[in-house]
Amino acid sequence: MNLKKFPKRSISIRILKAGVKAILVYIAYFIIAHFIFTLLTQQVYELIEEYSFLIEGFFIAIAIFVFLIEFSSGTIFKYMLEFARSLFVIFYLMIALKSGIIDVNIQNVTLVLNLQFFLLMVISINLIEIAKTVLSAIDFLHEKAEGELQPSTGARI
Amino acid sequence: MKHVLRALRWATIILWILLVFLVITLVYSAFNIGINIGEPQLLVKDDRIIWAIPARINNSGLYGIYDFNITTVIEDADGVILLKSSRFVPLISKEETRQIWHNISTSLEEIPNYQVYLTNDTNFIIKPSIRLNFAKIIPFIFTFNSTIPWGAPLYNLHIGEPNRQFNATHCIVSLNVSFENHSPYVNLNGTLKVEVLNQNEEKIGINYFPINVPPYQGNDNYPAYNETLSIPVDISKLTRSGKIRLTFQTSMFSYETEVPYEFEEIS
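Residue numbers (my numbering), protein chains in the order written: chain A, -12 to 144; chain B, 1254 to 1520.
Think of the hints as simulated: they come from the structure by calculation, not from any bench. Predicted model, so just to flag it, every value in this text is computed and none were measured. Mixed in with the good hints there might be a few duds.
[What the hints assert, rightly or not] Only pairs whose alpha carbons sit at most 30 Å apart, straight line, appear in this in silico DSBU-like list of lysine-lysine:
hint	chain 1	residue 1	chain 2	residue 2
1	B	K1255	A	K8
2	B	K1255	A	K4
3	B	K1255	A	K65
4	A	K65	A	K131
5	A	K131	B	K1389
6	B	K1389	A	K85
Starting from the given sequences, assemble the full structure and let the hints guide the process.
See below:
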């Protein structure tokens, strides 16, 4: 991204807009987490406690992606970052959810939860997102090329 | 191109909405399911020991619970499976409360190497596991283990040194037998058969003795048996050495043990 193309004021507005969006994502995480944790009993909370940093890490990464995507809107980098975000979501969830089989052991209690259906759904949605991003990038480049090829005003054939 | 992009955008929006809706309703439903497993009750009925585990499943959620299965495995301290029992409920519909009894029934003789547990106290490991398929999309397994103490009904079985006494017509072999009943479930009500065998494995004397030792009630003193048993024997076939066979016969089990004897020469 060539920042010299943007006026200084425009960059400030972009940063502000991107920052606000990223903060909103992080606030949404706090609200959702608070809502879920108030529903949990102490025992269930202990069971999922080891996953809490994975959830927080996921939301921090998504907030960073939101900031960068917003900041680079109007450039090809936006599509590259959207592509990267979808790949990140797929691989992060596959690793964090241990391919969909969550196995928790606490003292003499074992809990095995099969979340493969959700993982499959999230992967499917993100694959559609990737397809959409690729097509959007092609469309963006196409429009850009068309814009550059526009005949100048008053030109004669 | 624009139409394709619009279609894809709508597809992702609809799928995200569906996924979020599904997650919210599933989480809400999961928190509205109550599975209460009560204290296991131990009963002795028709000479069988029954562990009856009550479970109450209250499904106040929005989805059904499918393939609900409670399996209980009882293992000894070395991990050898002694008993296994399952209870399967194909469907617990939404807004349904189901009370089920998961029974593990056995007679002592069905337990592998049960004779070891007649004379030795131990701890059994009880491993209940719950499997279910929530809303047909989330299979779930929950297992835990706990121990239950096992009290031996013939704990510290002690058979004293056999003695012989002669009178004018008979020879009487006597021996002391003692044990404690540590079992809270087994009522030792039956007979003790005592056979005296000579060197040639010939039965030279037999006698039956009633035994009645109640189950352990949980106080400091264990119910005990301590008797000196006398068996008249055929003096003509009596040899210096041989063995005495004791058979405990109760409605719940039969247990046999032997002790050798060696008498001094009659001068």
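Worksheet item: Taken at face value, is the distance from the CA of K8 of chain A to the CA of K1255 of chain B at most 30 Å?
Response: Holds, at about 26 Å.
Fill in: Proposed proximity, K131 of chain A with K65 of chain A (alpha carbon, max 30 Å)
holds (14 Å)
Practice prompt. Please work out if K1389 of chain B and K85 of chain A have their alpha carbons no farther apart than 30 Å.
Written response: holds (21 Å)
Worksheet item: Given the hint that K1255 of chain B pairs with K4 of chain A, does the C-alpha gap stay at or below 30 Å?
Response: Given pair K1255 of chain B, K4 of chain A holds - Cα atoms ~26 Å apart, limit 30 Å.
Worksheet item: Are the Cα atoms of K1255 of chain B and K65 of chain A separated by 30 Å or less?
Response: holds (18 Å)
Worksheet entry | K131 of chain A paired with K1389 of chain B [C-alpha distance capped at 30 Å] | violated (49 Å)
The earlier numbered hint that this structure contradicts is number 5, and it is the only one.
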